[in-house]
Amino acid sequence: MLSRSVLRPLARTAQPFRGYAVLSAENGSLKYIRRGDQPEVAPLSKKQVTKTSSGVTVASVDNHGPVSTVAIVINAGSRSDSADAPGVAHFYKNTLIRTVPGDTVVRTVRETELRGDTLYTAHTREQVIIASDFLRDNLVDAVPLLFDNLFNTSFHAYEFLLHRPDVIAETASSLADPTIKVLDTLHQAAFRTGLGNSLFASASAAKGLKRAHLQEFAAKHLTADRIAVVGNGVAHEDLKPLVEEAVKKFQDRIAKSSTATKASEFKGSEIRLEAGPKSISHYAVAFPSVPFTDAKYPAALVLRAILDGSKRLKWGNHSGSAGALASASTANTNVTAFEAGYSDAGLIGFYIQGPAEDIKGVATKSVSALKGLSSKISDEALARAKKVAIVDAEGALTRDAQVQEIAKQVLSNGSILSYADLAAAINKVTVEDIQKLVKTAVKAKPAVVAYGNLLKLPYADELSA
Amino acid sequence: MAQALLQSVRSLRSTDVIKNLAEFHHSMMGYRAKGLRYDDLIPEENDLVQQALRRLPEKEHYDRIFRMRRAINLSSQQTELETKDHTKPHEDVPYLGPLITLVENEIATKESFDHLSSIPAHLLKRNNSTAV
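Chains as they are written, first to last, in numbering that gives the first Met the number 0: chain H, 0 to 464; chain B, 0 to 131.
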């Protein structure tokens with residue numbers, strides 16, 4: 000048994016005693032003032048919109064972060080599909096990355112991977128997008144990459160045939176989800192053509208398309224006034240010269256004038272989709288709302304938030320308890336509100352999921368809950384809804400959604416509405432704005448989609464009874 | 000200087016003398032008398048050309064098979080087509096050669112990327128984006 004003095008290390012007795020810095024009041028956090036590398040506020044983002052000499056819009060929002068996204072956005076989506084060639088936008092988006100003459104598609108893909116950048120294409124009802132995410136310094140490579148692929152005129156037959164099964168598979172897997180299928184069909188019920196065109200190319204549509212259809216789509220819509228180059232996290236003075244150089248290289252392929260898109264018209268009708276007697280029912284009802292270009296658009300966002308209280312907490316009532324639609328739901332049903340804003344039309348409505356027996360009651364009560372808002376909206380509901388609208392608007396802004404949002408605004412009214420501006424606009428929404436919106440909405444015959452056991456689901460004219 | 004010499008030799012290809020000589024040689028080869036194209040003669044019993052053939056449009060594939068069957072038939076009968084039915088020079092297009100080159104390039108690109116041991120020089124040059 001050794002004595003305590005031997006166990007204590009020798010060094011300890013030789014050096015002076017050191018206290019722990021964190022416990023010393025001298026070095027405590029209250030007294031320590033940090034200077035230098037820590038900014039006191041987050042850097043403000045800079046936004047700028049200009050046009051190149053040929054009319055192509057260049058927009059950038061610089062949040063001073065390390066990651067950038069650059070997207071070339073064409074203002075033509077599934078809305079621009081013609082009746083003879085449905086599904087063109089979907090197919091076109093899938094075939095945007097092909098062999099560039101003098102190069103191979105293998106090099107395009109492998110070099111982008113080697114750099115650690117992403118390269119992707121997307122399409123919506125009103126846009127086709129080709130974009131790349133990268134660290135700031137790779138901007139010099141990203142811009143030419145996107146332009147070379149978008150304005151590539153070489154199109155081999157095997158490249159077309161190679162992508163056709165992918166298009167068909169994408170459609171099948173997307174439409175296998177009932178929610179996506181119902182919302183896609185809802186647009187058809189609401190707008191018939193244009194915005195009512197399906198977002199996806201069905202198998203028969205895809206098999207009926209040829210390269211000529213895709214090239215016609217490109218020729219018709221790759222015009223200077225329909226192209227926007229959007230940069231998120233790039234400096235405008237870096238982006239603009241690169242875009243000017245690229246546009247000059249392809250200026251014979253960018254037409255000047257463009258064809259106008261046919262205006263959308265909301266005409267409510269009903270579409271019913273059979274899903275078998277034992278399926279969960281989905282029932283969507285949509286009323287006309289305002290386009291995102293309208294000054295009253297924030298009121299639509301607030302209206303959706305007043306109606307919908309779901310998905311804010313992990314626990315509790317599926318349909319939320321604070322939303323106006325909560326009173327309409329039952330224990331087994333899930334009622335949510337949705338809104339959609341396009342450049343010349345909008346939708347606002349509710350979506351019910353649950354057993355077929357409950358749908359009629361829930362739908363009828365939801366319609367009357369919506370109509371009831373035109374007479375009474377409490378101050379607490381409005382205040383809560385504004386907060387919800389602001390939080391949800393920010394939450395929806397993923398990297399690719401941000402770029403789409405910037406492009407949407409820049410292509411429709413030439414300026415960028417930042418998230419802070421949107422929040423300010425939402426805060427200014429009044430009860431009158433919302434009630435006016437509700438009155439216009441419920442005056443129209445709604446667009447209804449019923450999915451499930453059609454023998455049990457109500458028809459549209461049974462809802463207001 | 001070697002590049003300049005190579006350029007001048009290559010530019011000879013576009014002179015009329017060489018073009019006429021090439022035409023004469025192709026017609027002397029005899030494949031046109033059997034109704035074939037030059038690209039029909041490319042040996043196809045290897046993976047590279049098989050991949051290129053997979054990329055051939057359906058109509059071209061069908062026509063190729065027709066030409067080969069007709070040529071085999073003529074060869075077995077020890078005859079040739081009438082002069083008016085020989086392949087015309089403007090029909091003798093290289094429909095398969097460019098596809099083979101494309102496939103070759105793709106394979107070569109893939110292998111070069113698979114066997115990279117250092118960052119290529121053109122990727123080392125970087126933009127110094129505007130400072131924050």
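If you are wondering where the hints come from, they were derived from the structure by calculation, not from laboratory data. Any given hint might turn out to be false.
[As the list claims (entries may be wrong)] Across the chosen pairs, the derived CB separations fall in these ranges:
no.: 1; chain 1: B; residue 1: 106; chain 2: H; residue 2: 420; range: 17 to 25 Å
no.: 2; chain 1: B; residue 1: 7; chain 2: H; residue 2: 244; range: 53 to 61 Å
no.: 3; chain 1: B; residue 1: 16; chain 2: H; residue 2: 160; range: 39 to 47 Å
no.: 4; chain 1: B; residue 1: 40; chain 2: H; residue 2: 192; range: 48 to 56 Å
no.: 5; chain 1: H; residue 1: 152; chain 2: B; residue 2: 74; range: 39 to 47 Å
no.: 6; chain 1: B; residue 1: 97; chain 2: H; residue 2: 443; range: 54 to 62 Å
no.: 7; chain 1: B; residue 1: 87; chain 2: H; residue 2: 268; range: 55 to 63 Å
no.: 8; chain 1: H; residue 1: 210; chain 2: B; residue 2: 44; range: 29 to 37 Å
no.: 9; chain 1: B; residue 1: 45; chain 2: H; residue 2: 152; range: 47 to 55 Å
no.: 10; chain 1: H; residue 1: 119; chain 2: B; residue 2: 105; range: 44 to 52 Å
no.: 11; chain 1: H; residue 1: 420; chain 2: B; residue 2: 97; range: 47 to 55 Å
no.: 12; chain 1: H; residue 1: 43; chain 2: B; residue 2: 105; range: 42 to 50 Å
no.: 13; chain 1: H; residue 1: 210; chain 2: B; residue 2: 103; range: 23 to 31 Å
[Unchecked claim] Taking lysine-lysine and the DSS-like style, the derived pairs with C-alpha atoms no more than 25 Å apart in a straight line are:
no.: 14; chain 1: B; residue 1: 87; chain 2: H; residue 2: 209
no.: 15; chain 1: H; residue 1: 206; chain 2: B; residue 2: 87
no.: 16; chain 1: H; residue 1: 295; chain 2: H; residue 2: 385
no.: 17; chain 1: H; residue 1: 442; chain 2: H; residue 2: 359
no.: 18; chain 1: B; residue 1: 87; chain 2: B; residue 2: 58
no.: 19; chain 1: H; residue 1: 180; chain 2: H; residue 2: 247
C-beta atoms are modelled at their ideal positions from N, C-alpha and C, and glycine is treated no differently.
* Against the structure shown, which of the earlier numbered hints fail to hold, in ascending order? -> 1, 2, 9, 10, 14, 15 and 19
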